[in-house]
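Colleague: Here is how the chains run, residue by residue.
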Amino acid sequence: MPKIIKNGQIVDDGWQVLKLADDQTVESIAIPEDPVLLPLAVWLARREDILSRGVPHGVWLDSSEGPEAIAGDLEQLAVIGVNFPKFTDGRSYSTARLLRERYGYRGEIRAIGDVLQDQLFFMKRCGIDAYALRADKDSNAALASLRDFSETYQAAVDQPQPLFRRRTV
Amino acid sequence: MYRYDSIDQQLINERVAQYRGQIDRNLAGALSDDELRPLRLQNGLYIQRHGPMLRIAIPYGMLSATQLRKLAEISRRYDRSIGHFTTRQNMQLNWPKFEETPEILGELASVEMHAVQTSGNCIRNITTDQFAGIAPDELTDPRPYCEVLRQWSTFHPEFAYLPRKFKIAVNAAAQDRAVIRAHDVGLEIVSNAAGEIGVKVFVGGGLGRTPVIGKVINEFLPRRHLLSYLDAVLRVYNRYGRRDNMYKARIKILVNALGIDEFKRQVDAEWAHLKDGPTTLTDDEFDRVARHFTPPAYVTLPADDLSFATALKDDKAFAAWVKRCVHAHKVSGYAAITLSLKAPGVAPGDITDTQMEAVADLADRFSFGELRVTHEQNVVLSDVRKSDLYEVWKIARANGLATPNIGLLTDMICCPGGDLCALANARSVPIADAVQKQFDDLDYLYDIGDISLNISGCMNSCGHHHVANIGILGVDKNSEEWYQITVGGQQGNSTTIGKVIGPSFYADEVPQVIAALIDVYIEQRTTSERFIDTFLRLGLAPFKQRAYAGRDKRKIAAAESAETETAPLTKVANA
Ligand code: SF4
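Each protein sequence line maps, in turn, to chains A and B.
Residue numbering for the first sequence follows numbering that gives the first Met the number 0, beginning at 0 and increasing consecutively.
Residue numbering for the second sequence follows numbering that gives the first Met the number 0, beginning at 0 and increasing consecutively.
Since the hints were made in silico from the structure, they are not lab data.
Note that the structure is a prediction, hence the values are computed from the model and not measured.
There may be inaccurate statements among the hints.
Claimed, not checked - Stretches of chain B that chain A covers, calculated by requiring three or more beta carbons in the stretch to come under 8 Å of a beta carbon on chain A:
| hint | segment |
| --- | --- |
| 1 | 30–40 |
| 2 | 233–239 |
| 3 | 271–278 |
As the list claims (entries may be wrong) - If you want the ones that stay clear, here's a sample from chain B, every Cβ over 12 Å from chain A, calculated:
| hint | residue |
| --- | --- |
| 4 | Gln17 |
| 5 | Arg75 |
| 6 | Lys96 |
| 7 | Glu111 |
| 8 | Ala159 |
| 9 | Leu161 |
| 10 | Val215 |
| 11 | Asn217 |
| 12 | Arg264 |
| 13 | Val288 |
| 14 | Arg384 |
| 15 | Ile447 |
| 16 | Glu479 |
| 17 | Leu537 |
The beta carbon of each residue, even a glycine, is placed where N, CA and C say it ideally should be.
For reference, chain A alone in the conformation it holds in the complex:
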């Protein structure tokens, strides 16, 4: 079974990420009977159908898709994926923060795509708590990078108070 980093541990994970191939449409794509992260467009078009199946489901947002589109659906989503098409595309950091800080999402936010060790610390700070590390990378090394820094200047999801409100001088 594939592994992911979740809540600071390496764990087995059965979720799959559904992607629309070029020859598939939102209406035609088959939705598996296993836990699945759906493309936003599929979720928006087939919401009732998906809810009626009773299979664990979530949605993944591409980096160009903000959280606004699912703001009303958060209670129905066990997992939200945020995609990093390239690790240098930083939009999903904002998406994750908005999901947590603006929309109050409490479920799992999972980084998918080009997810690499040296970005995990920032992802964690922005409220991402599960990391589907790129398959060719070393999970144990990546796990350690969640602790690259012992302190942080800014307020963010993992530490809602900036350092200057916590400094004892």
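Since the structure of chain A is already known, use the hints to place chain B with the ligand on it.
Modeller: Just chain B with the ligand now, kept in the frame of chain A:
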């Protein structure tokens, strides 16, 4: 100046450890070159024409003598005993070894220095006025703002992978000396009618291939909202700035595409959620930081010093230096001085290890152990007693640091260009050298008076050529080096982008063209006019006409045919 507490120090130490791990993984093959690139850039490491280049951060240009001595030592041990100051008030080392860079960063950390975010698509080193804290025309000291911003921007988790680099400058003086209107965000510290201090925010300025003057997005932002407001600006940019074309990825393109009103509306909508949240700056924190910048222990001195007055009268060379390199100070009996790094035959902004040590000694002996780097690539001692000026001058002169040319034609801003920079279209240092040679008569330079001449080796515009009275830009046409000349640019409160005078020139033509432009000024000026004033009165035509008069017909034809080619290819930035 700001001193690290144990947390600041720990974070920098952890950064060195993180970087060391990244380099080790790269050397072991576990981290590809492409994956390493943004990581090393955010630690200042470029891979250049001849090898690596390391850009060391000098936050808002402030250095202690101890730090400068460390830089001298590093340049000797790990480089070729030379450093180069940049227009972002940083220092570049041009010959470090890739494998030794973690060690260099470790050395830097030992004196509260680093290379964090000096490159890459993130919030870069904050810059400000080199006369911060001592300028007679300043409302308040901008450095506490800069330090607050440094901490906010350091390892900001949401904005480490922006569409493109993001530069912030702060000014608190009546005259802007930090070019804030040419920054992604420019901050001007102002007071309102009620006497409260706040920030006027400019957004979307920048040089590069599409030069734009920043627009006002907020006339008066109370100080406590500074960080949450910038979070809102950056979030809108991070989400909606273009990522499909790196030449259209700066915030200025987004601001122009949306229009400043719509951009402001989006920022305000975002800010409404962040305003008054935990990021709201507390007075306690501001005061804590500001205490690091309390004035040094000045003694009470008369405004005029007799020995200084005598030396001025008796020593012409000293008087010439004082005229160009000594600046007013808000405390009686003190002055600020600029040590020129624009001596003939030296690449502008270059400083040797022994010069660094000499400057550090001068700072320790005469200026409370501190100094500043200017965006014009010189060094400032900010707190020198007038009675010490003569002694300081003699030592500076013995070390090649007293060229009396600050603000004159030969005080050029110049990027490293094609000799070192992998992105260059053309060399810039030999052009600076040729201009130095053409204008080697100090009396003539004084006669020309205040003028700025800046040189960039490519459209990335590190040499700020757009905002110079005379700008020189290297362009590549059919694999040949050409130079495009602009006239009429200005920095400061009336920041203006210069106008291109016409087809480009060959390198060997450039000094003559500059001489022609100067001739027009000398002939046409009224008694009180600077070069820029004459240009503003006369317009481009007479300058243009003279620049091309008598030009070799063959060269004109070549330039024009090359001009019709598509826009010169600028190589991809961030090598
Ligand atoms: S302007 Fe161009 S050539 Fe000059 S340093 Fe910048 S990138 Fe290099």
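Colleague: Now, for every hint given, state plainly whether the structure supports it.
Modeller: Status of each hint after checking the structure:
1. 30–40: Holds: 4 residues of the segment 30–40 of chain B have a Cβ under 8 Å from chain A.
2. 233–239: holds (count 3)
3. 271–278: Coverage by chain A holds here, the residue count being 4 at a Cβ distance below 8 Å.
4. Gln17: About 5 Å separates glutamine 17 of chain B from the closest Cβ of chain A, which leaves it inside 12 Å; violated.
5. Arg75: Holds: least Cβ distance 31 Å, greater than 12 Å.
6. Lys96: Non-interface label stands for lysine 96 of chain B: nearest chain A Cβ at 22 Å, farther than 12 Å.
7. Glu111: holds, 15 Å
8. Ala159: Violated: least Cβ distance 6 Å, not greater than 12 Å.
9. Leu161: violated, 6 Å
10. Val215: holds, 25 Å
11. Asn217: holds, 21 Å
12. Arg264: Given a closest Cβ separation of 16 Å, the condition holds.
13. Val288: At about 9 Å from chain A, valine 288 of chain B fails to clear the 12 Å cut-off, so the statement is violated.
14. Arg384: holds, 33 Å
15. Ile447: About 47 Å separates isoleucine 447 of chain B from the closest Cβ of chain A, which puts it past 12 Å; holds.
16. Glu479: Per Cβ check, glutamate 479 of chain B is outside 12 Å of chain A; nearest 34 Å; holds.
17. Leu537: Consistent with the label, leucine 537 of chain B stays out of reach of chain A, its closest Cβ about 48 Å off (over 12 Å).
When each numbered hint is compared with the structure, violations occur for hints 4, 8, 9, 13.
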